[in-house]
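Hints given; two lone chains; assemble the complex.
The residues making up each chain are set out below.
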Amino acid sequence: MSKFVRKKGKGSQKINTASLPDIVFMLLFFFMVATTMRETEVQVRVTVPEATEVKKLEKKSLVSYIYIGRPVAHVARMYGTEPLVQLNDKLVNEEGIPFESIQDFVLFEREKLPESDKNRMTMSLRIDQDIPMGKVDDVKQALRRAKALIINYSARKEYREQGRQR
Amino acid sequence: MARETPEVNGGSLADIAFLLLIFFLVTTTMDIDTGITRLLPPEPEPGQETDIQVNKRNVLVVLLNRSDRLMVGGEEMDRLDLKAKTIEFFTNPLNDPNLPVMEDTEVQFPPGSSPLLPASGVWRGKVSKGVISLQNDRSTTYGKYLQVQNELVAAVNELRNDFCKLYFDREYDDLNTANPVDEEIQEGIRDIYKMNISESEPKNIGGLN
Numbered sequence: 023m024s025k026f027v028r029k030k031g032k033g034s035q036k037i038n039t040a041s042l043p044d045i046v047f048m049l050l051f052f053f054m055v056a057t058t059m060r061e062t063e064v065q066v067r068v069t070v071p072e073a074t075e076v077k078k079l080e081k082k083s084l085v086s087y088i089y090i091g092r093p094v095a096h097v098a099r100m101y102g103t104e105p106l107v108q109l110n111d112k113l114v115n116e117e118g119i120p121f122e123s124i125q126d127f128v129l130f131e132r133e134k135l136p137e138s139d140k141n142r143m144t145m146s147l148r149i150d151q152d153i154p155m156g157k158v159d160d161v162k163q164a165l166r167r168a169k170a171l172i173i174n175y176s177a178r179k180e181y182r183e184q185g186r187q188r
Numbered sequence: 151m152a153r154e155t156p157e158v159n160g161g162s163l164a165d166i167a168f169l170l171l172i173f174f175l176v177t178t179t180m181d182i183d184t185g186i187t188r189l190l191p192p193e194p195e196p197g198q199e200t201d202i203q204v205n206k207r208n209v210l211v212v213l214l215n216r217s218d219r220l221m222v223g224g225e226e227m228d229r230l231d232l233k234a235k236t237i238e239f240f241t242n243p244l245n246d247p248n249l250p251v252m253e254d255t256e257v258q259f260p261p262g263s264s265p266l267l268p269a270s271g272v273w274r275g276k277v278s279k280g281v282i283s284l285q286n287d288r289s290t291t292y293g294k295y296l297q298v299q300n301e302l303v304a305a306v307n308e309l310r311n312d313f314c315k316l317y318f319d320r321e322y323d324d325l326n327t328a329n330p331v332d333e334e335i336q337e338g339i340r341d342i343y344k345m346n347i348s349e350s351e352p353k354n355i356g357g358l359n
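Top to bottom, those sequences are chains A and B. Remember, our numbering sits 22 above the position in the first sequence when you count from 1. Remember, our numbering sits 150 above the position in the second sequence when you count from 1.
Excised from the complex, chain B in its bound form (with noise of 0.2 Å):
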C-alpha cells in the first residue's frame, strides 16, 4: 500500500525557497518609523477666547525668524543652549522673580511606590506655570523649526527622567504604560513638569534675510 504513493522530488526545493528568499530579500524594508510626536492644540470653538491673558513672567517666547536665527526670551541664542535655558525656566531654581511662578501641588503616586514619598503616595512640591511660546516664521526651515522642538522636548523629558530616577530609581522611558502602577507614575510625573509648549497661530514674523 505504502509503496504505491510515489516519492515527490525534493531536489527543487532549494531552488524554490531561494527564489521566493531572494524576491523577499528585494522587497524588505526595514525602516522602523521614528519621530517625535505632539498634540496639536485644538480648534478653538467659535467665540472662545483665543487670547488667554498669561502672567508675563510665566511665557518664554522662543522665535525663529525667516533666516533661522534664535531668539529666546528676547536674546539670540544658540540652539545648544537651549535645552539647559529651558529647564532653568521650568524649575526655576533660585527663585528668580523674572521666572515662572511655582505653584505648591499635590500630586498622588501610587501608595507605597517610592521610598522618597509619604505612605498615602502624595507628593508635595512646586509645579511650575511656566508656558513655551514657540513661534516661526513662515519661511523657516522646517529642519531648523524641528531641531527647537527636539530641544524643548529634549528638556521636559530630562526632567521627568531625574525626577523618575530620584524616585522610582529607573528611566522614564521604562515605565510600562500596560501596566496600571507605572502608569499611575508616568501620568503623576507627566503633572508635575507638563509639556507646556504653545504653538502659536501662524503669522510673519521677519527678520533680517
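Okay, chain A solo, but in the shape it has when bound (with noise of 0.2 Å):
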C-alpha cells in the first residue's frame, strides 16, 4: 500500500500546455494561406508528363483549364472510355470535335477577367500523357479560331542527371 501512496506523492510534472492553443494556431493560419480551395471535379484521368523546362504559372486568375483524358470509372459508365474533354469543371460529351462548346467556354472566360487583362488569358492544357495528338490538335485548332492563344501544356518537373551543362 505505501508503495501507492508514495507514487502518489512524487507524481509526474505537469507540462504546461497554456502555448498548445497558439501553436495550433500558427500551424491553421499556414494551412489556411497556404491552401487553395479544389473548385473543380476533375472528371478525366489525367497524368501529365514530365518536361525538364517547365515555369511556375504565375497569375491563378488569368488561368482556366482545359483537361483532356480516358473518363474515372463512374464517368466511363455513362460515356464510355474515349478520350473526353472537360472545361473547367464542365464536361463536354459531344461525339467529335467539340469546336462549339471551346468557343463559347474561351469567350465566357474572358468575360470574366477585367478589361485589361483580357489579352493575357491563358489557357492551361492539362493533357494525359497517352493521348492521341489528334484531340489535342483539335482543341488547339478551336482556341486558335476563338482567338485564345496564350497555351500552357502542363508538366512535371523532370530532373535529369546531365540536364544543364556542356
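Hints in this document: simulated from the structure, not taken from any laboratory. For glycine and all other residues, C-beta sits at the position ideal for the given N, C-alpha and C. Heads up, some of the hints might be wrong.
If you anchor each label on the Cβ, the simulated ranges turn out as follows [stated by the list, open to error]: (1) B:I182 - A:L135: 17 to 27 Å; (2) B:T327 - A:K169: 16 to 26 Å; (3) A:F51 - B:G160: 37 to 47 Å; (4) B:P261 - A:S41: 54 to 64 Å; (5) B:D231 - A:K112: 39 to 49 Å; (6) A:K112 - B:E321: 39 to 49 Å; (7) A:F130 - B:E154: 50 to 60 Å; (8) B:S348 - A:N141: 17 to 27 Å; (9) B:G223 - A:R99: 46 to 56 Å; (10) B:M345 - A:E180: 17 to 27 Å; (11) A:R99 - B:R207: 12 to 22 Å; (12) B:G160 - A:S34: 18 to 28 Å; (13) B:R340 - A:Y181: 22 to 32 Å.
For the chain B half of the interface with chain A, some residues (derived, Cβ under 10 Å), not all of them [said to hold, decoys possible]: (14) D183; (15) R216; (16) P268; (17) S270; (18) Q299; (19) A304; (20) F313.
Quick look at the structure:
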C-alpha cells in the first residue's frame, strides 16, 4: 500500500499546455494561407507528362483549365472510355470535335476577366500523356479560332542527371 | 466594474483550433501549376497567304510519326540528340550552306548594361533566320509530342541563357521583368534567339505501325 502512496506523492510534472492553442493557431494560419480550394472535380484521368523546361504558372486568376483524358470509372459508365475534354468543371460529352463548346467557354472565361487582362488569358492544357495528338490538335485549332492563343502545356518538373551542362 | 464581466472559458480554444486545422490539412492541395507556355499562331485572315515560301535551308522539319518515331531533317534521331541538333541549327557555327542564313542584325540593349557592349548598348551580330517546323500525326501520343517540344524549348532557353551569362553575368531566368532595364535585356535576347517553332496545321503523316 505504501508503494502506491509514495508514487502518488511524487507525481509526474505537469506539462504546461497554455501555449498549445498558439501553436495550433500558427499551424492553422499557415494552412489557411497555403490552401487553394479545389473548385473543380476532374472527371477525366490525367497524368501530365514530365519536362525539364517547365515554369511556374503565375497569376492563377488568368488561367482557365482544359483537361483531356480518359474518363474516370464512374463517368466511363455513362460516356464510355474514349478520351473526353473537360473545360474547367464542365465535361464535354459531344461526339467528335467540341469546337462550339470551346468557343463558348473561351468567351465566357474572357468575360470574367477585367478589361486590362483580357488579352493575357492563359489556357492551361492538362492532358494525359497517352492521349493521341488528334484530339489535342482539334482543341488547339478551336482555341486558335477563339483567339485564345496563350497556352500552357501542363507538365511535371523532370530532373535530368546531365541536365544543363556543356 | 471590471469584476462584472465574467471570464470566458478558454479551455476549448485548442480543440476548436485543432478542428479547423484538421479541416484545412485535409482540404489543402499544395500542387503548384507548372508547364511549358507557348503561343499559338493566330488564325489566318480570310484570303491571307498561308503558304509562305521559306528558303529550304532555313527550315528544320521535326516529324513525329504515328508510332512516335522522331525524324529530324530527314533522318531518324533519338530524342536526347534533338537539343544539340537544334542548337547547331540555330547558331550555324561553321557557316554551313545547308544550315540557316545568319543575318547581320543590330539589337538595342540598355546603354551601359554590359562591359562587352559599346557604350550605346547596340549589339551587332548574326541572327539566325531558321524556323523549326514541328509536325505530328493524329496518332502521335501527347507525352512524346511534349517531350519533343520540351527539347526544342530547352535548346532556345540554353542559347538565351548562355548569351545572358556571357554579356550580363546572370541567368536568363533571374531577369526580373518588373524592372524596365531587365525587361529590355530580355526583349533584346529574345530578338536574337527567337522561339521560331512553327506548328503546322494538323494532318495525317502516317508512318509504320
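Here is how each hint holds up against the structure:
1. In this structure the supplied range 17 to 27 Å holds for B:I182 paired with A:L135, their Cβ-Cβ distance being about 22 Å.
2. For B:T327 paired with A:K169, a C-beta distance near 24 Å keeps the hint of 16 to 26 Å intact.
3. Distance hint check: the CB atoms of A:F51 and B:G160 are about 18 Å apart, inconsistent with the given range 37 to 47 Å.
4. Between B:P261 and A:S41 the beta carbon distance is about 58 Å. The supplied range of 54 to 64 Å therefore holds.
5. Here the CB-CB span from B:D231 to A:K112 is close to 42 Å, well matched to the stated 39 to 49 Å.
6. Roughly 40 Å separates the CB atoms of A:K112 and B:E321, a value that falls within the hinted 39 to 49 Å.
7. For the pair A:F130 and B:E154, the supplied restraint of 50 to 60 Å holds, since their beta-carbon distance comes to about 58 Å.
8. Between B:S348 and A:N141, the C-beta spacing of about 22 Å keeps the proposed range 17 to 27 Å intact.
9. A hinted range of 46 to 56 Å holds for the C-beta pair B:G223 and A:R99, which are about 47 Å apart.
10. Judged by the Cβ atoms, the range 17 to 27 Å given for B:M345 and A:E180 holds: they are separated by roughly 20 Å.
11. Distance hint check for A:R99 and B:R207: the Cβ-Cβ separation is about 55 Å, which falls outside the suggested range of 12 to 22 Å.
12. At about 24 Å, the beta-carbon gap between B:G160 and A:S34 stays in the expected band of 18 to 28 Å.
13. Checked against the given bound of 22 to 32 Å, the beta carbons of B:R340 and A:Y181, roughly 26 Å apart, stay inside it.
14. A hinted interface residue such as B:D183 counts as satisfied when its beta carbon comes closer than 10 Å to some beta carbon of chain A; here the least separation is about 4 Å, so the hint holds.
15. Below 10 Å, beta-carbon pairs count as interface contacts, and B:R216 has one with chain A at about 8 Å; its hint therefore holds.
16. Checking B:P268 against chain A by beta carbon gives a least distance of about 28 Å; that is not within 10 Å, so the hint is violated.
17. For B:S270, the interface hint is violated, since its Cβ never comes within 10 Å of a Cβ in chain A; the closest pair sits about 32 Å apart.
18. About 7 Å separates the beta-carbon of B:Q299 from the nearest beta-carbon of chain A, less than 10 Å, and the hint is met.
19. The interface hint given for B:A304 is met, as the beta carbon of that residue sits about 5 Å from the closest beta carbon of chain A, less than 10 Å.
20. For B:F313, the interface hint is violated, the least distance from its beta-carbon to any beta-carbon of chain A being 15 Å, above 10 Å.
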